[in-house]
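The two chains are supplied separately, each in an independent frame; assemble them into the complex guided by the hints.
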Amino acid sequence: MIRIEPREMPSKWWTVGIPIMSALVAILLAAIPLALAGANIFEAYTQMAKGIFGSTFAFTEMLTRATPLIFTGLAATIAFRAKLWNIGAEGQLYLGAMAAVTVGTGLIDAPSFILIPVILFAGAISGAVGMAAPTYLKTRFGADEVVTTLLLNFIIIIFLQMMLEGPLKDPMGMGWPQSEPILENGILPQLIPRMRIHAGLIIALISAGLVHLLLSKSIWGFKTRAVGENAPAALHAGINVNRTFMGAAVVSGAIAGLAGVSEVAGLRGYLTTDLSPGFGYTGIVVAMLAGLSPIGVVISAIFIASIFVGADTMSRAIGVSSYLADLVVAISLICVLIGGFVARYRFIRTNKVNA
Amino acid sequence: MKNTQVLSLKNLSKRFGSVVANNSVNIELYRGEVLSLLGENGAGKTTLMNMLFGHYLPDSGSIDVLGNDGQMRKLVLGHPQASLDAGIGMVHQHFTLAENLTVLDNILLGSEKLWAWRHDRNKARNKILKIIDRTGLSAPLDEKVARLTVGERQRVEILKALYHEVKILVLDEPTAVLTPQEADALFENINSMTKDGLSVIFISHKLREVLKFSNRIAVLRHGEKVGEIATSDANERVIARMMVGEETIKNPRDKIQLGNPILQLNEVSVKGDSMRTSLNRTNFTIHENEIVGIAGVSGNGQSVLAKLISGLIDPDSGDLLIEGENVEYFSPNGMQSLGVGRIPEDRHHDGVVGAMSVAENLVIERLQDKDVNKNGFLQNRAIKENAKALIEKYDIRGPGIDAKASLLSGGNIQKLILARVFECKPNVILANQPTRGLDLGAANEVARHLLEARGRGAGVLLISEDLDEILALSDRIMVIHNGSLIETVNKDREVIGLMMAGEKI
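The listed protein sequences correspond, in order, to chains L and C. Be aware that the first sequence starts at 1, since it is given in the numbering used here, and climbs by one per residue. Be aware that the second sequence starts at 1, since it is given in the numbering used here, and climbs by one per residue.
Heads up, a few of these hints could be off.
Said to hold, decoys possible - Okay, the calculated beta carbon distance ranges per label pair:
(1) C/I256 to L/E5: 48 to 56 Å
(2) C/N11 to L/F341: 30 to 38 Å
(3) L/R243 to C/A146: 49 to 57 Å
(4) L/E5 to C/Q368: 35 to 43 Å
To be verified - A few chain L residues that don't get close to chain C, going by computed Cβ distances all over 12 Å:
(5) F53
(6) L150
(7) L183
(8) E229
(9) L324
To be verified - Calculated lysine-lysine pairs in the DSBU-like style (CA-CA distance at most 30 Å, straight line):
(10) C/K271 to C/K255
(11) C/K167 to C/K144
(12) C/K425 to L/K217
(13) C/K10 to C/K206
(14) C/K144 to L/K83
(15) C/K370 to L/K217
(16) C/K123 to C/K167
(17) L/K83 to C/K370
Quick caveat, the hints were computed from the structure, so don't treat them as lab data. Glycine included, each C-beta is placed from N, C-alpha and C at the ideal position.
So here's chain C without its partners, still in its complex pose (with noise of 0.2 Å):
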């Protein structure tokens, strides 16, 4: 059975004006098996999935899709609707799912008929819960998507997948967000039903799940395919200097004595949408040249901590401390001047301007300096330099500092935020998901300046949902569980994974 083919992408290509986002790339699926697509950001993945679903028509080339028939049958390019019906689905690393609707509601649009007389709503909700039963994916059916937190999101994308009975699934860094517990989960679910003759392909870039879980791994680099081998012959050195073409650099962590405190939380209380994403009498301490880690799982209370510390919210009880001063006035203007850095969450939804030029999100935050504004106005020269040095120095790769920030890919973004951050030497800094959806080369440097701000001094908030990054680069580990955060004792990853679902240890 694993040597029944069910897809089949033939020499693709697709050019993006001058860019060339895919090359000639061949790629096999079989039945019942799981393939990884690895590579950096911006190496082609995400085009290349976004032609295999019909969102992208390709320049040339063609997609053999196995029919009900059991022949392979040209699949109709660039039609959404052909992907689907050919029973192929994607979970998209950025969701597409509506706000204003129940879960329900979101798992069954597209698959009911607009002007269907009645939906049979009790029948789907059965075959929903059918599914959250295999896969233990549990999701509140009737919440709006409003309400749910990032990890709850993406547990919906995946179902809605599932709903359609897809045959072939492609998962766009699906993990991103769950903990490791939840994550193997998944992916012993996904294993089982590949037994059923699901084929998954599936894109991630922490290499221990790739090892761990795909029977083949094909990266990609510059838009071409550059190599494919079975798990069972990789480990992550050869995969890694398969993707960056050499070997990735470890970060030294050199131990460096600790300075004075530089943000305390004192009993501090903050109200969120509920109890589980509330922040209770909180207390910790961040000292100069520490990076202390906050582990957990999306929705418990990391949210509202980041925005206290961005400044976007008031605490409801107790103090902040920053360098023994206590803030008084709440706003991201009076941390920034406090020296506090910021990383969002959401780079896109909240880093930056999409429709604004890399030269003005470079800028956004400092618009009361001198170099920036003189008298009211935009003192472009300056800003234009400003940008031309930044892009050198952080090695931010794009169409130019004049094009719109949405243009980048996600790791240039991020490092659009960095050197936005970093070029004002922040004393704290707040990295919320620093490397959410990055490659190895975005994700080491993200880690790279945060332990060079480590090294000069600053005290930094390390706010993630994947523990390889907060094992790797914390000095001090905290959990937080139903907005309550617990110092763990030791970095041992079973026991943090145990104390981010709730466990007492």
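With the rest of the complex left out, here is chain L (with noise of 0.2 Å):
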């Protein structure tokens, strides 16, 4: 039998030891189904080194594939902070970007450093209000969010679907859903020339420091914190509980918000509904192996990205199946959350007694 208990301290060593292992781990094992597609493993992994830290190119289209990631990481990470569990980021982006289009591709024309902002409020106010609507249910009437905002996720999907077909669709479009490209002034201005990455990135960064102030700093924090660790206690105390669930809420809909506008406006230009590879579920893996700290958030979603872009680099570049590189993803996942469970847990083995 094997007890499993929390480590009442853990060492310097071990916590900085522990993601090493796992990410070496992580190598090993990911190295057998790459041999056994016969593949070079050693070619492999220089191939994946390559895709994130190869070039400017290579090392920019990385932090452009973690910049929806923090957004939905921060989104995971507020909400779960207050034990509220949204689960519907990935609606809440498309909600984003679905005002994005809206507010951005001619409903109104203004110079960039008026309509840029406008279509990032938009964009948050849409999100908000994706993730207010089922946590109002929750406090009312008690409806679990876990199923509700799941649920709305594919409900918005098809709504979306249906927008693209109907209202939104760009008549230049070739008969293709989409929708019309956002005018050149709403577009997120690019970091580095001829580069793809672009400001999201620098939204994404300053929000990850405003999320980190106000979890830690202000009284909309401490409330957040003190319902998500003991809601009992904190309405006995006097916090409205229910107001606190929903100004979680509106700031984690908010911010998965902005992961759509950013990926919309900054990216893409316009908007299908192949917009997100599931960047809303995978932010709530961001936000679990960042502990739920705004600040691990960015390290995390910039590992993820990474593993991500390598692996995809590694299995173009070496001509195996794409399928092997999510496999690599999968695997250093798996081995990096086990490895973070073994730095807060420890194992202790017991031999079966009898009487």
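Quick look at the structure:
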């Protein structure tokens, strides 16, 4: 029998060593399917490293991939801190993107310094509403937000398909279900010429800083943490628990909405139903990996984006199936999550005893 | 038979970081005896019992238990199953019941094989009914635990241990929630069971019970055993001196002239989960400079009354007046701003946010105050200064102001809550089970603060199941039974005990 108990005082070496160990284990484990596919392991990992650090282009691509994950990771972090289980960041991301193309494709025309904030604001509001609605149902009727937010994702994506076939459809789009492109003035500026990396990253980093500040230094954050850690005690102490849930929901949804705006106005320029390959769900992994720390979210988003981009590059460069890349990503995530668990808990082996 | 040793703790030591919880403790237990384990909060009683029960692994020392073959055997340490198999049962101070299961399921939990094809529940039920018959520990077997009162839950815990046919039963504060009569009945039954060979380790702070029911008393202080005495040689003073190292000071209560009415309930009715836990057309008045004690068995309307005055629920009918003003809007915040200080019944569940720091918990009720909240941001320096001052003033002992509140012992958590409540100088104080599970030192501290508040003109509503406490502190006593309050004429503990059981006097 094995018992698991939390480590009381994890040592420095342990907390630093475990993530490195788990990364090494991940590399070793991922080598097995690569070898079975007939790839040269050394070559594969070299290509993977090149895909992340090999060039300015590779590095900026990785950061571009990390940008939406920072947003969705933050969205999950805030909600989860209040023990509000927002599984709907994916839907809120699309709501934000939809609001961005609704406002930004000609509804209003203004110079960049007005139009960009307007688009960001519209996306944030839209995402916030997307999370506020299920939270209202939770606080008013006790509807489980895990179910409502998860199912809303599908409703929102189908709604988006409908809109892209209808009112939002680009008349010049050769019949493809895609929106009109966002006006030139509404596009987030590029950070480096000829690279895809855009100002969304800056907004994401600022958001992370703000969320950190809010959670640790503000009364709002105090209330959010208190409700998340012990709602009955918070209630007894005079904290309005429902209002705190709603506050966390609005901020969480707004940041998820910004992920959508950032993708559509920073990267794609127009909206399709494949804007996000599950950024909303990956955000949950990012947040958990970061131990629900907003600053940690930035690091874990960059880590996960590195694995994604590196594995992608590797599979293309050495000509193995792209499914192998997904496999590498999955193995890495599992290893790091197990590593995080091992770092926090210890396993005690006990012998089976008979009376 | 008395001389057969059944348990021997040898040189047990346990440290948590730099804190020594137990230092080389030796304790023997003989067949058929009741051994009382006494000590202040944080003296190491619970740690010692957790090692016995396999929840903690001792740093050094060993435990011998009498086996079925009559030989003393070394117990495999740090392994609850081994302790269970050796016939050691424990009733914890904090309940370990699954709220969404029935009483029957909770009792069977852990004794059934997970993958058994079918469970012979009728056989189990009959066995439990027999135990209930024998001990008088009644509990509704098919009710979900979530719907039970604290007192009933405690009884389920004891039943659960008895169901496991334990040879050594550890009771951690078992009578905290029982009426004196129920407690007496429980101990009579335990006494009769000890005649069948059960050995009991009994942890309590109630000296009266300890003196009445145990055969031997062992006293722990600062993690070490400081004394052992046969109960026949002991009296309250002797034990108290052993526990705290000095004689306890009785709280002097001087007569004070009552002031104006400060809390009034007029025909207040509140629906609870059942008739029994509701409040029916309640009338009472508390004046300035007055402590009113509410005696009663848990689950007779106390929690509804406490929730009402805490601002957590609205009355269905009737009026509640504070300083003569009708309360229109019920909320915890509203009650605070009307000058109501609230000490909650379950200090871990409702009193503190365990994962947040001591400093944060000290200001959690004052988030609107200017020294805490400046433009929506926490004034961390002021919060820390406040914490430092209060830790000093209220003698809150723990790893420091930035440590999680959950790291504090029960008594120190209560001191934290006292600091929070009394620093606001409340006019009305709701003290709900303020000394449950506390040692003498901490309990005296609570009493001192309540009397001090009374002295400066506050009105105190003291809800307690500890009749000794109510008798010692209250100016007037009311008994609550089935949601109705009856004022007592005198302070006769037998009479009050009968009223608590619903007898019309």
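How the hints compare with the structure:
A hinted range of 48 to 56 Å for the beta carbons of C/I256 and L/E5 is consistent with their spacing of about 52 Å. Taking the beta carbon of each, C/N11 and L/F341 are about 35 Å apart, inside 30 to 38 Å as hinted. Checked against the hint of 49 to 57 Å, the pair L/R243 and C/A146 fails, with Cβ atoms roughly 26 Å apart. Here the CB-CB span from L/E5 to C/Q368 is close to 40 Å, well matched to the stated 35 to 43 Å.
For L/F53, the condition that its CB be more than 12 Å from all CB atoms of chain C holds, with the nearest at approximately 38 Å. With a least beta-carbon separation of about 23 Å from chain C, L/L150 lies farther than 12 Å from that chain, consistent with its non-interface assignment. Against the 12 Å criterion, L/L183 stays outside the reach of chain C, whose nearest CB is about 36 Å from its own CB. The non-interface label for L/E229 is inconsistent with chain C: the shortest C-beta to C-beta separation is roughly 4 Å, within 12 Å.
For L/L324, the shortest C-beta to C-beta distance to chain C comes to about 39 Å, beyond the 12 Å cut-off, and the non-interface label holds. For the hint pairing C/K271 with C/K255, the CA-to-CA distance comes to about 37 Å; that exceeds 30 Å, so the pair is violated. Between C/K167 and C/K144 the CA atoms are separated by roughly 28 Å; this keeps the pair inside 30 Å, and the hint holds. At roughly 27 Å between alpha-carbon atoms, C/K425 and L/K217 fall within 30 Å of each other, so this suggested pair holds.
Between C/K10 and C/K206 the CA atoms are separated by roughly 27 Å; this keeps the pair inside 30 Å, and the hint holds. Simply put, C/K144 and L/K83 have alpha-carbon atoms about 25 Å apart, close enough for the 30 Å limit, and the pair holds. Between C/K370 and L/K217 the CA atoms are separated by roughly 15 Å; this keeps the pair inside 30 Å, and the hint holds. Using a Cα cut-off of 30 Å, the hinted pair C/K123 and C/K167 holds, with the two alpha carbons roughly 21 Å apart.
Restraint check for L/K83 and C/K370: the C-alpha separation of about 28 Å stays at or below 30 Å, so the hint holds.
Hint violations for this structure: numbers 3, 8 and 10, all remaining hints satisfied.
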